[in-house]
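So the protein lines, in turn, are chains A and B.
Under this note's numbering, the residue at position 1 of the first sequence is numbered 1, and the numbers go up by one with no gaps.
Under this note's numbering, the residue at position 122 of the second sequence is numbered 122, and the numbers go up by one with no gaps.
In case anyone wonders, no lab produced these hints; they're calculated from the structure.
One or more of the hints may lead you astray.
Here are the simulated EDC-like cross-link-like pairs (lysine to aspartate or glutamate), alpha carbons at most 20 Å apart as the crow flies [unchecked claim]:
| # | chain 1 | residue 1 | chain 2 | residue 2 |
| --- | --- | --- | --- | --- |
| 1 | A | Lys99 | B | Glu34 |
| 2 | B | Lys58 | B | Asp31 |
| 3 | A | Lys113 | B | Glu119 |
| 4 | A | Lys98 | B | Glu119 |
| 5 | A | Lys113 | B | Glu34 |
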Amino acid sequence: MKDASPWSIAFFCAAISLLAFGGADAAVPEMHRQLVNVGHWFGEAEFVRMYAIARVSPGPNVMLMSLSGLRLGGWLGCLMATLGVCAPSGVLILYLAKKWHHFEGTYAHRVFKTGLAPVTVGLTAATAWIMTQAAATSLPLLIIAMAATAVAWKTRWSPIWVVLAAGMVGAVVGL
Amino acid sequence: MEIALSSIGGSMQAFMHRGLVKKRGWMTDEDFLELLGLCRMIPGPTMVNIALYVGARKRGAKGAIAGFLGILLVPVLCAATLMSLAVEFAHYPAVKSALNGMGAASAGLTIAMALQLAEQHSRRIWAVIITCVVFALIAFGHWSMGWIVLGGVLASMSGAAWQLKKEVA
Chain A
1 MKDASPWSIA FFCAAISLLA FGGADAAVPE MHRQLVNVGH WFGEAEFVRM
51 YAIARVSPGP NVMLMSLSGL RLGGWLGCLM ATLGVCAPSG VLILYLAKKW
101 HHFEGTYAHR VFKTGLAPVT VGLTAATAWI MTQAAATSLP LLIIAMAATA
151 VAWKTRWSPI WVVLAAGMVG AVVGL
Chain B
1 MEIALSSIGG SMQAFMHRGL VKKRGWMTDE DFLELLGLCR MIPGPTMVNI
51 ALYVGARKRG AKGAIAGFLG ILLVPVLCAA TLMSLAVEFA HYPAVKSALN
101 GMGAASAGLT IAMALQLAEQ HSRRIWAVII TCVVFALIAF GHWSMGWIVL
151 GGVLASMSGA AWQLKKEVA
């Protein structure tokens with residue numbers, strides 16, 4: 001595996017973080033494009049694996065960025081990736097925190113809020129599409145993906161159990 | 001403070017809510033929802049932002065740092081450990097199969113999330129169109145996401161402005 005410089009990791013994560021309307025998951029399509037398709041830093045399977053591990057680990061979804069950083073640049077890379085992805089919005093939130101009350105309920109606020117939702121839905125759907133293509137490489141895996149969809153959509157079970165259960169099934173049946 | 005936050009570092013909103021509102025009484029229900037809305041709106045990781053904000057409100061700069069470390073430190077170490085275990089044992093067929101299954105399930109969870117969001121937000125025709133265009137361009141095109149997101153946000157804001165104006169009239 002090639003090594004990436006810590007600064008390039010931080011800048012990369014900061015840049016994709018700015019696209020992530022609706023949470024860290026929204027940045028996944030761009031990460032996948034840059035890291036797998038363009039840069040060939042990771043293979044498809046490895047990216048899926050990191051995604052799965054980020055999902056079962058406790059903690060925020062930024063774990064995917066932290067893990068990528070770890071793989072590409074060791075602990076320093078991990079640190080830079082995590083800081084990079086949190087920095088832009090972190091600064092913004094600390095700044096906004098004081099002014100927010102004046103803004104709440106205004107026309108601009110409502111336009112902003114209503115306007116972002118469709119983009120967030122589109123980004124999430126794109127993440128879902130890309131990850132399903134990457135992960136569901138055989139019929140049994142596709143069935144597992146669909147089953148997980150159904151369970152997560154229609155029940156209130158914790159996502160962690162869904163993923164772990166799929167892991168069990170995989171270990172026993174062999175996928 | 002740090003310990004407090006790392007104990008609730010379990011990421012998901014429900015945990016956050018329980019930890020901040022019910023257990024510690026640091027904020028009211030309303031404050032929490034408002035904050036969640038704000039953190040969702042700006043690009044970037046939602047939960048980390050909540051931790052930063054709460055930390056800053058309570059203890060200023062020190063609090064923000066504590067919140068940041070609190071919510072990330074333990075999870076990063078957990079994830080890194082799991083990752084190295086996975087790499088170490090990936091050549092065993094059972095482990096590999098388990099990881100494949102977990103990957104597929106994770107993808108399924110994301111599909112479910114997209115469906116849930118669509119249920120909530122796709123009530124208007126303009127919103128559905130923008131969602132579909134953003135999705136198609138990213139999923140099937142191979143361009144950088146920056147322009148697509150920027151264009152999508154602008155188009156979507158215009159749509160929202162138009163809808164709100166109509167509602168008022």
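Hints, verified against the model:
no. : hint                  : in the structure
1   : Lys99(A) x Glu34(B)   : 13 Å, holds
2   : Lys58(B) x Asp31(B)   : 14 Å, holds
3   : Lys113(A) x Glu119(B) : 16 Å, holds
4   : Lys98(A) x Glu119(B)  : 33 Å, violated
5   : Lys113(A) x Glu34(B)  : 12 Å, holds
Violation of the numbered hints given earlier is confined to hint 4; every other hint is satisfied by the structure.
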